[in-house]
Every structure is written in structure tokens, then in C-alpha cells.
Amino acid sequence: MYVYHSMSGISWLTAFSVLLIIWANTLRAPWHAVISLFRQLIKARHLLWLLLLTVGVLLLNKYELLLENHLSYDMDFTPWILKLEGHFVASFQSLFHDPAVTEVAGFFYLVVFQALILASLGIYASDNRLPMFYATCCTVILNYLVAIPFYLLFPVNEVWSYAPSGASFYMLEVFPQFEQVYRPLSGLNNCFPSLHTSVSVSMAILAMRSGNRRWGWFAAVCSAIILFSIFYLGIHWLTDMLGGSVLAVSASYFGLAWGKRLANTSRPESLNPHQAIKKSL
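Residue numbers (this note's numbering): 4 to 284.
Keep in mind the hints are simulated off the structure, nothing from the lab.
Just to be clear, a hint being listed does not mean it is correct.
Stated by the list, open to error - Label-pair distances were calculated between CB atoms; the ranges are:
1) R31 to G89: 47 to 53 Å
2) H73 to F257: 37 to 43 Å
3) L23 to M211: 17 to 23 Å
4) P102 to H73: 25 to 31 Å
5) P167 to Y5: 27 to 33 Å
6) W83 to A260: 45 to 51 Å
7) S75 to P102: 29 to 35 Å
8) L61 to V37: 18 to 24 Å
9) L23 to K46: 15 to 21 Å
Glycine residues also receive a C-beta, built at the ideal position from the N, C-alpha and C atoms.
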């Protein structure tokens, strides 16, 4: 029995996961986060513009795929990566392959990855931590702005698609229509750096700095499983993960600094940004 059939099904699973994660890590009804965010949007104009910018950058990632099709640039750095790290991914896959593991890995790659971003925003809105909310948006923006030029100028194919790697694409065991349904959102040669690594690790770093210990540990565990999944499913190279990790540390550092500055500039009445960022950090 196949678990995934369409993007709409994945979207519903993501929405349910977001609500569950917010409830579990704030012990409040999820709509409390929506109400808090709405109030902040009314009071802080910076917040609205930052959310729109975040959405714009995510859309830019989609248009990068269209731009690729119009470029005459035809470099392929995949053989270099294989020479650098050998058959690490294929060996890794052989240690863990099992139908149950594939279902868990697919769920974290397709659903939890997206849910971590949205749940982060919901949790910080619910906890009235505006600096952390700003920092999350800024960190996501930085991750994508740095990664997209690499996708254009340093193309690396997914491991499974490069036959000499010896890796298999286990995602098809739970999502047989992946190439037809999901591929338009993610280029086959958009591997380095791994955004699944950089974004999930970034969310974990911010969560650990947020002061919410339950959320910090939850995000860290989810991030670790996502890292496991990118290898197990045969998608990313070890080099992609290392590059994504460096990007995560850098983006979260500058995202926190940018978020603090924006919070100090907006100064909504319902929150003292100096106290909030001190508590968050």
C-alpha cells in the first residue's frame, strides 16, 4: 500500500502535523498562535513585510527551476562528488533498508521538514516571542538566498540518479509518483547544499536558543531524523549534508542578529524586545 499519492494529501498531513507540534510544545490550543500572530501583524508592520519576503524567497526557489531551463550552462559536478566521497550513501542504505524505515524516512522528508518551519512560527507567535519569530523568517530567507546561486552554478545530481553511485531511490516505495508530483518543486540537480539539512538544522538551532526546552529537543530529534532520511532515501550526498550544516550554522547566527535588530526597530507595545531577546538567547 502506497502512503502518498498527491501534493494535496501531503499538504493536509503537514497542516495536521503543524497543529499537533504547536499543541505539544506550547500546551495551548493551536488557534492561540493564530490569534497572537494576527495581533502582532496589526501592531508591527515590519512583521507583515518580513512574512511576505519569506514567501517571496520560497517562490524564488520555484522560479530558479524555470531559469535553469533557459540557461546554456551545462556543467555537472556530480562525478567530482563521487570521487570525493565514494559510495558512502549506497553503503549507508544497505545497513538500514526496511519498509517500516522507508515510511518513517519518507514522512520526515516530505511532511515534517515543512512542518518544522511552520510550527516554529506558530510556537514563537503563541509564546509571544517576536524576536525569535523574526529570526526564523530571516534564517529561512538566508538559507534559500545562499543555496539558490549554488543550484544555478554548481549543479550536483541526486545520488540515486547517478548510476555509478550504486544508490537506490527508496522514496518510490512509499511515493511511486514522486517524480511526476513532487519533482516540479525540487530540481534533480539541486543537491548542494542540502536545504533539507540547512533548514531543519537551522530550526533546531533556533529552537534550542528559544528557551523552550521541550521544543528545542523535539526540533533537534526531528532534524537528526531528516538528516538520516536524506541518505537513507538516496537523495543527498554526504558533501551536501556538510555544506548544508555549515549554511545552517551561519544562517541561524545571522538570522538571530537580524531578528534582534528588527525586533528592536518594531518595538510593539505588547512585547519588550530587549527582555524577549535576552530570554530567547
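Hints, one by one, checked against the model:
1. R31 to G89: 47 to 53 Å: Once the Cβ atoms are compared, 49 Å apart, the range 47 to 53 Å for G89 and R31 holds.
2. H73 to F257: 37 to 43 Å: 31 Å, violated
3. L23 to M211: 17 to 23 Å: 21 Å, holds
4. P102 to H73: 25 to 31 Å: 41 Å, violated
5. P167 to Y5: 27 to 33 Å: 29 Å, holds
6. W83 to A260: 45 to 51 Å: Given about 34 Å between the Cβ atoms, the range is violated.
7. S75 to P102: 29 to 35 Å: 43 Å, violated
8. L61 to V37: 18 to 24 Å: 20 Å, holds
9. L23 to K46: 15 to 21 Å: The hint (15 to 21 Å, Cβ to Cβ) is violated, given that L23 and K46 are roughly 28 Å apart.
In this structure, the hints that do not hold are numbers 2, 4, 6, 7, 9, in rising order.
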